[in-house]
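*Asks:* Listed below, chain by chain, are the residues.
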Amino acid sequence: MTRPRRLALVVTAAAVTGGAGWMLASAWLGPEPRPEVAAALPPGIAIGGPFSLLDETGRRVTEATFRGRFMLLYFGFTYCPDVCPTELAKMAAALDLLGAAAEEVVPILITVDPGRDTPEALAQYTDLFHPRLIGLTGSEAEVAAAARAYRAYHARVATGPGPDGYTVDHSAFVYLMGRQGEFVALFHPQATPEAMAEAIRRAIAASPRLPNVTTTGERS
Amino acid sequence: MIARRTTVLALAAGLAIPLGAPAAARDDAVEIVEPWARASLAGRNSAAYMTIVNHTAAKDELVSASTPVAKVVELHTHLMEGGVMRMRPVQAIEVNVGEPAVLRPGGLHVMLIDLTRDLRPGETIPLTLRFRNAGERVVDVPVMPAGASGPAGHGRGHRH
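Protein chains in written order, with this note's numbering: chain A, 43 to 262; chain B, 335 to 494.
Just so you know, not all the hints are guaranteed correct.
[Unchecked claim] According to the in silico footprint, chain B covers these stretches of chain A (three or more CB under 8 Å from chain B):
1) 111 to 125
2) 131 to 137
3) 167 to 173
4) 206 to 218
[As the list claims (entries may be wrong)] Partner residues aside, some chain A positions facing chain B, computed with beta carbon under 10 Å:
5) T128
6) A163
7) Y195
8) H196
9) A197
10) V199
11) T201
12) G202
13) L228
14) H230
15) P231
Treat the hints as calculated values from the structure; they're not laboratory data.
Remember, predicted model here, so these are calculated numbers, not experimental data.
C-beta atoms are modelled at their ideal positions from N, C-alpha and C, and glycine is treated no differently.
This is chain A alone, in the form it adopts within the complex:
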């Protein structure tokens, strides 16, 4: 497989059932040390933004709730038997590799299956992976809005009869967002926990904790 010589983040428009959206088709960094990590986006492409969801206790949270810390974010669902556990385990392993610095990072699973993933279900599920992993859910519209902000693709696919007879196709990227909620890095499913931990360490070093960091003032 040939890789592009330079960073090329291919963003493809995709018609998604229930609403057209942008989808991250692929993210490649050229012949760099960590081809699975994209740390820059093409001009005009933004990832991240406001969301309003419920945490595992049913409490309303927004992107501002986590401001001041880094977010390590994944879109998945608790009925996902293979890919989500793999990615969530990598996030957990990356946190363990960080040691005390992991305190600067909030690991988050945003469900793409809010119909089944209640706050209680997410609380049980996230404990399987890491005690600090937080699950977020919400209404279909709230989850769709969050996924749209992060250009996370998700589409329900019927697999059989009955209310549980479906799975959810979804993009398997892990996002690292900065202290102000800004995009820092995107990890391809090939990324290792070591690569994640290293990217997080560098991000923390580049953005030491500062009290009362002022923002542009656009966000409350």
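Position chain B relative to chain A; hints supplied.
*Replies:* What follows is chain B alone, placed relative to chain A:
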């Protein structure tokens, strides 16, 4: 020296109990190497992984599987398209001669759907595998932590 030779003879005669590969099922036709499944919760799904070696002279196929701990068991694969994982059922998993079928995270797996109970790390679950030629095999599958990426002895978070 004598003991070693005895062991070799016993192995050659097919009499040795497999010590190194826990829960490995072995007969003349197919060998199931390092099976494992993910811990998960009752009502949720899990996946079982393994390597299947075909010791016969003809291609075989894993055509179905079942376990008492899941209401439905399906054979699945993942198609990776630009960072999007699409999980899809497959009719069968080919086990070619000289080319083991590798079931692992992010690829082929036996999906355990709608678990009848929690699967806890450290326990084993029985899994019946049905092969087109080799027939039915029952394997004891160790349950690994939900975040495991391989069978026992393979490090957490380790990728192949």
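*Asks:* Each hint needs a verdict: does it hold in this structure or not?
*Replies:* Against the structure, the hints:
1. Counting residues of the region 111 to 125 of chain A whose beta carbon lies closer than 8 Å to any beta carbon of chain B gives 6, which reaches the threshold of three, so the coverage claim holds.
2. Taking a C-beta to C-beta cut-off of 8 Å, the region 131 to 137 of chain A contributes 5 residues in contact with chain B, enough for the three needed, and the coverage statement holds.
3. Counting residues of the region 167 to 173 of chain A whose C-beta lies closer than 8 Å to any C-beta of chain B gives 4; at least three are required, and the coverage claim holds.
4. With a cut-off of 8 Å between beta carbons, the region 206 to 218 of chain A has 7 residues touching chain B; three or more are needed, and the interface restraint holds.
5. Hint status for A/T128 relative to chain B: holds, with the closest Cβ pair at about 5 Å, below 10 Å.
6. At about 8 Å, the closest approach between the beta carbon of A/A163 and any beta carbon in chain B falls short of 10 Å, and the interface hint on this residue holds.
7. Interface restraint check for A/Y195: the shortest CB-CB distance to chain B comes to about 5 Å, inside 10 Å, so the restraint holds.
8. Against a cut-off of 10 Å between C-beta atoms, the interface hint on A/H196 holds, since the closest Cβ of chain B lies about 9 Å away.
9. The interface hint given for A/A197 holds, since its Cβ lies 9 Å from the closest Cβ of chain B, which is under the 10 Å cut-off.
10. Interface hint status for A/V199: upheld, as the beta-carbon distance to the closest one in chain B is roughly 8 Å, under 10 Å.
11. Given hint, A/T201 at the interface with chain B, holds; its Cβ is 7 Å from that chain's nearest Cβ, closer than 10 Å.
12. Hint status for A/G202: holds, given a least beta-carbon distance of 8 Å to chain B, under 10 Å.
13. For A/L228, the interface hint holds, the least distance from its beta-carbon to any beta-carbon of chain B being 9 Å, beneath 10 Å.
14. Hint status for A/H230 relative to chain B: holds, with the closest Cβ pair at about 6 Å, below 10 Å.
15. The interface hint given for A/P231 holds, since its Cβ lies 6 Å from the closest Cβ of chain B, which is under the 10 Å cut-off.
The earlier numbered hints are all upheld by this structure, with none contradicted.
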